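This is what each chain is made of:
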Amino acid sequence: MTPWVVTVFILLISLWYLTFLATRLDRLHHRVETSWANLDVLLQKRAAVALEIAHSDIADPASSLLLTGAAYQARDADIKSRSAAESGLSGALGLLLEDSQDLATAADNALLTELSALTDKIRVAIALHTDAVTRTQMVRSKLIVKLFRLAGTAPLPVTYEFESDVL
Amino acid sequence: MLARSLKIGIVCPYSWDTPGGVQNHIRDLAEFLIAAGHHVSVLAPAIDESKLPDYVVNAGKPISIPYNGAVARVLFGPVAFSRVRQWISNGEFDLLHLHEPAIPSISLLACWAADGPMVGTFHAAAKRQKIIFAIGPILEPAIEKLSARIAVSEAARLTLTDHLDTDAVVIPNGIYASRYHDGKAEEKWQGNTIGFIGRFEEPRKGLSVLLEALPVIARFAPDVKVFVAGPGDPSEVEQSIDPQLRHRFTFLGKISEAEKANFMSSVALYVAPNTGGESFGIILAEALAAGACVVASDIPAFEDLLGHGQFGALFKSEDSTDLAKVVIDLLRDETKRAELVAAGEMRGQSFDWDIIAQQIYSVYEMSIVGSEKVKLASDTRSWNRFLSKDEK
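Note that the protein sequences, when read in sequence, are chains P and D.
In this text, residue positions in the first sequence follow my numbering: the first is 1, and each later residue adds one.
In this text, residue positions in the second sequence follow my numbering: the first is 168, and each later residue adds one.
For reference, chain P alone in the conformation it holds in the complex (with noise of 0.2 Å):
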């Protein structure tokens, strides 16, 4: 009789900590999903500034023109050619601000100030995904969670290569 306990008991809690796994991943998932799209919502936002920069007054016809490519490839660039589009982006919007911090007008400097304010934004979203994905890669390289197949059908997330010295 006892044996018999014992096994059930086993069985029960292994169980248990199968669930748990499985709802702890589960989690994870969901965290890597949301962060991802509020990193995407926000550097939308930006190409759109960036557009909205190059046909204001600060920037001269020559970066206008680097500007306005970098943002619409930004814009169009599939998951895979994404952080290098927004990696050049972050690069075109660097050279321009390097030089006309000082010439900007009034009107100029909202747009500028909502660009930092978006940058700031950017890399707290940034740091939040990145981490939500290295977390779950550590999780999902268990044994167990291999063996049993605990992440299901999910992909397994792919960090971010986002420079962040460039923003």
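For the record, the hints were derived by calculation from the structure and aren't laboratory data.
One or more of the hints may lead you astray.
To be verified - Simulated restraints on C-beta separations:
# : chain 1 : residue 1 : chain 2 : residue 2 : range
1 : D       : Val337    : P       : Asp26     : 28 to 34 Å
2 : P       : Thr113    : D       : Arg413    : 51 to 57 Å
3 : D       : Lys218    : P       : Leu15     : 47 to 53 Å
4 : P       : Lys80     : D       : Thr328    : 27 to 33 Å
5 : P       : Trp16     : D       : Val536    : 29 to 35 Å
6 : P       : Ile79     : D       : Glu426    : 54 to 60 Å
These numbers come from a predicted model, not from an experiment.
C-beta: ideal position from N, C-alpha, C; glycine also.
With chain P's structure known, arrange chain D on it following the hints.
Frame of chain P; chain D shown alone:
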């Protein structure tokens, strides 16, 4: 500034009636958020329920445990756990903001019990501790539930990455900068004066380093005076001072917030010789905002806050000779002092609640997007759903 009104639940791990940095931070944040039109409920342990402001919910009587070189008054246990669960399920919060969720406290319990948008703020900066590695695997799944982590300083962030292998966004503590900016210089504290604020009886506040440096300082600046403000009994400290120098010291006792601003605006130098245990150094931010010329020990938190000497002078921690040298140089060089004050005032403004709360709020926004309200984790677990159906 704020787009929509949120229901925010904040959990304070430490007893509300004992003064402390975390409690002050939570009080200011909660009041700022309420003023901005949000609904805020703070859950905190408290000894005396009658003195609580109406946004604070009492979680029970705290117990004292030793933690990080001081005594922390926290609360946990099954009774507390059920109160936390009740608070969460009654509150219908859009978001929970847990402070110091990595120590055994109601913050950790809340992190355990809740499911949904949660933000955690880590205040403490501690050296690597073996104990954390032992309980790490238990903490990890709980800490992982936080959708965003905030560290109050670079030092606190390093503690977090070291201990729990997770990263955080650095958002410093806030101050009401305008209150300090409006401080008026009072003649009685002006001249060749050095100011010190803090519980001077605690060794880690470092008053003894200043005492040791004073004989040298007095030789080069004969009219130097030292004002010490803060609660405590000065008689013992006075005994340890060289009788010839005793008349240079004035103990002011505990001073009010308004007096503090005036005090910091008046003294020639504000000295913070703390030897450690500081994670952020809010007093330095306040001193900078008040337009004081700050001299501080080079512990990581202070070095960070003073921009490695850009916004205030640094000296080697616990080295009274170095302190004396820095103080004498500054007392003699008025232009250098004016430069530091000008740079420091700008720095002080950057800690204003207007800016800090906006940063915290944007983290809130990012945690909320696409999520539902905060629920009890147990309600969403499948086997519990199954069981509760059976009961009915």
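Now for the hints, and whether the structure bears them out:
| no. | hint | result |
| --- | --- | --- |
| 1 | D:Val337 x P:Asp26: 28 to 34 Å | holds (29 Å) |
| 2 | P:Thr113 x D:Arg413: 51 to 57 Å | holds (54 Å) |
| 3 | D:Lys218 x P:Leu15: 47 to 53 Å | holds (49 Å) |
| 4 | P:Lys80 x D:Thr328: 27 to 33 Å | holds (30 Å) |
| 5 | P:Trp16 x D:Val536: 29 to 35 Å | holds (32 Å) |
| 6 | P:Ile79 x D:Glu426: 54 to 60 Å | holds (59 Å) |
Checked against the numbered hints listed earlier, the structure breaks none of them; every hint is satisfied.
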